[in-house]
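FYI, in the numbering used here the residues of the sequence shown are 2 to 137.
If you're looking for bench data, these hints aren't it; they were derived computationally from the structure.
Just so you know, even glycine gets a beta-carbon here, dropped at the ideal spot from N, CA and C.
A portion of the hints provided could be inaccurate.
Unchecked claim - Pairwise CB distance ranges (calculated):
no., residue 1, residue 2, range
1, A5, K54, 21 to 31 Å
2, F7, V131, 31 to 41 Å
3, A5, Q92, 21 to 31 Å
4, E16, R100, 16 to 26 Å
5, S19, Q92, 37 to 47 Å
6, E91, K111, 27 to 37 Å
7, A5, D121, 27 to 37 Å
8, P109, K89, 30 to 40 Å
9, N55, K11, 20 to 30 Å
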Amino acid sequence: MATAPFEILKTLYQELSSAQFSASIFDRPEVVQFQVAGKSALAGKYVGEAGLKNWVSRMKELSSGTYQLELHDLLISDRHAMALITHKIEQAGKPVEYRSVHVWRNEPGKMIAGYEYFRDQYQFDAIWGVAPTATT
Numbered sequence: 002m003a004t005a006p007f008e009i010l011k012t013l014y015q016e017l018s019s020a021q022f023s024a025s026i027f028d029r030p031e032v033v034q035f036q037v038a039g040k041s042a043l044a045g046k047y048v049g050e051a052g053l054k055n056w057v058s059r060m061k062e063l064s065s066g067t068y069q070l071e072l073h074d075l076l077i078s079d080r081h082a083m084a085l086i087t088h089k090i091e092q093a094g095k096p097v098e099y100r101s102v103h104v105w106r107n108e109p110g111k112m113i114a115g116y117e118y119f120r121d122q123y124q125f126d127a128i129w130g131v132a133p134t135a136t137t
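Take the sequences, apply the hints, and build the full model.
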């Protein structure tokens with residue numbers, strides 16, 4: 002039986018806030034995608050269970066384990082879900098926070114894709130650093 006999108010996302014954000022993430026909460030983790038906009042070291046498309054775990058481990062690594070998430074609200078319809086979030090980390094011993102909206106596309110009983118939109122894209126890129134450029 003498929004899990005309701007509300008329960009999937011509620012569990013997802015509880016796990017992210019406690020640093021105990023497991024992509025297995027998704028009914029079909031191999032097809033789930035999450036995209037982070039921008040030019041930071043976190044920007045990119047994360048596909049499947051391995052990709053989602055990589056996204057979470059990158060946040061932990063780049064924040065030196067200080068990443069925290071505060072979920073303000075979940076808004077869910079038949080086709081979409083949105084999470085209003087404040088993210089918190091420490092840099093040079095000082096607290097830093099930014100806000101974003103995660104927009105999820107769902108089909109009956111399963112989450113398909115998520116996209117992160119930032120209140121201030123420049124702030125997000127500055128916090129997480131610029132992604133290294135490829136050399137030839």
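Here is what the structure says about each hint:
As the Cβ distance of A5 to K54 is approximately 23 Å, the hint placing it in 21 to 31 Å holds. At about 36 Å, the beta-carbon gap between F7 and V131 stays in the expected band of 31 to 41 Å. At about 37 Å, the CB distance of A5 to Q92 disagrees with the hint of 21 to 31 Å. Distance hint for E16 and R100: a CB-CB separation of about 20 Å, consistent with the stated range 16 to 26 Å.
Checked against the hint of 37 to 47 Å, the pair S19 and Q92 fails, with Cβ atoms roughly 21 Å apart. For the hinted restraint 27 to 37 Å between E91 and K111, the CB-CB distance of approximately 35 Å keeps it satisfied. For A5 and D121, the Cβ-Cβ distance of about 32 Å falls inside the hinted range of 27 to 37 Å, so the restraint holds. Remark: the range hint 30 to 40 Å for P109 to K89 is upheld by a beta-carbon distance near 34 Å.
For N55 paired with K11, a C-beta distance near 23 Å keeps the hint of 20 to 30 Å intact.
Comparing the model with each earlier hint shows violations of hints 3, 5; every other hint is respected.
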